[in-house]
Amino acid sequence: MIVFLFGRLLDDALRAAVLEAQVEARAAQLAGYARCGEIAAPAGPGLIAAEGEELAGILVSLGAGARARLERFAGLTGCRPCDMQVICDGEAVIARLYVSEDASACGEPGWRPQAWQHQFGRATCLAVQELLDLTPHHPVDILRARFPMALRHAASRLRAADMPEPARLRGDWRRDAIRPIRETRPYAWFFSMAEDDLQFRRFDGGWSPEVKRAGFAMCDAVTVLPYDPGRDVVLLIEQFRFGPWLRGARNCWSLEPIAGHIDAGESPHDAALREACEEAQITLRQEDLLPVADVYPSPGAVSEFLFQFVALCDLPKSLEGVSGLASETENIRSHILPFDALLRLIESREVQNGPLVLTAFWLATQRDQLRGSAQER
1 MIVFLFGRLL DDALRAAVLE AQVEARAAQL AGYARCGEIA APAGPGLIAA
51 EGEELAGILV SLGAGARARL ERFAGLTGCR PCDMQVICDG EAVIARLYVS
101 EDASACGEPG WRPQAWQHQF GRATCLAVQE LLDLTPHHPV DILRARFPMA
151 LRHAASRLRA ADMPEPARLR GDWRRDAIRP IRETRPYAWF FSMAEDDLQF
201 RRFDGGWSPE VKRAGFAMCD AVTVLPYDPG RDVVLLIEQF RFGPWLRGAR
251 NCWSLEPIAG HIDAGESPHD AALREACEEA QITLRQEDLL PVADVYPSPG
301 AVSEFLFQFV ALCDLPKSLE GVSGLASETE NIRSHILPFD ALLRLIESRE
351 VQNGPLVLTA FWLATQRDQL RGSAQER
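FYI, in our numbering the residues of the sequence shown are 1 to 377.
Don't read these hints as lab results, they were simulated from the structure.
Backbone N, C-alpha and C fix where the C-beta goes; we use that ideal spot for every residue, glycine too.
Treat the hints with caution; some may be incorrect.
To be verified - Between beta-carbon pairs, the in silico distance windows are:
hint : residue 1 : residue 2 : range
1    : ALA115    : ALA50     : 28 to 34 Å
2    : ARG67     : LEU158    : 27 to 33 Å
3    : ARG175    : ARG344    : 21 to 27 Å
4    : LEU158    : MET193    : 19 to 25 Å
5    : ALA31     : MET193    : 20 to 26 Å
6    : PRO81     : ALA13     : 56 to 62 Å
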């Protein structure tokens, strides 16, 4: 089958992840059309009629295996097949294209390959590889819904690989100290569940027996505790949480810091600023953020990694209210209270959110210095 590829699939690494085959490519053009699509969107590319324009792409001939993977990728990105005439080496050729079923959702015209590669290229390749490997076992519509979270998880994996790993007390282990044997993903939607059989190095230098481990594959996230050193007050948010509900708690509303996932293409600082605006209507600057700790809250079974911050800002009582993104069905209430009142809530066990407790204890050690600096200004 002859296929015309364009947009993201002109990227060599992504094309290799999708096709899992080396294919000969020839330059080709689609006359009278332009591509549209946001560079971060999981959705596939759309086409818009554009008189005098010419869309550049490549022609490839695909065997059965590569074609099947491309069709699964098209399903993941909400694309439909269509046959159109393209020009290759001066000759007209009828080729198969895969185009978004909803071009109106694809964003503005134009394609910025360098920007896409810089922000999303590596993460997209990892996410696509994960999702295509899951397509034989999970419905495509479920995996399509997972695509944004898979991008975040892929970006988290890349971030983890690039982070320094101090080893002054613990052993200086590397990933070759684990032997993967079998990997399965029995569940994949917003989160995915990993169930792996593996061996790991023992402290005596030998290998453990084969063990089965299961855990939630989640993405990196941020927490932000806004603090006004002049007034000595903090802002907490309150919202329904599914975890207490699953545990059987009578009260499933939790007092927490601002928190949220780090999107692909974002830094932890960028995510902290965005979440503060979305959840509490607070506009922060990067220089307002004080790093508290970078931690796994539950490393035995959850891959989530938290970048925790205190944000220095002005917190008038007027900031209290209800907010949150309607698109995420968020219903979030903000509370502004004295820092000493927060410590009493921790002591009474009304605050049960681990990141909030950790951040509050850190702030208790820095509070006097921060208040003194605020008074000097």
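To see whether the hints hold, each was checked on the structure:
Separation of ALA115 from ALA50 is about 21 Å and departs from the stated range, judged on CB atoms against 28 to 34 Å. Remark: the range hint 27 to 33 Å for ARG67 to LEU158 is upheld by a beta-carbon distance near 29 Å. Separated by about 44 Å at the C-beta atoms, ARG175 and ARG344 break the suggested range of 21 to 27 Å. Against the hinted window of 19 to 25 Å, the Cβ-Cβ separation of LEU158 and MET193 comes to about 21 Å, which satisfies the hint.
Taking 20 to 26 Å as the suggested C-beta distance range, the pair ALA31 and MET193 does not conform, at roughly 48 Å. Taking 56 to 62 Å as the suggested C-beta distance range, the pair PRO81 and ALA13 does not conform, at roughly 24 Å.
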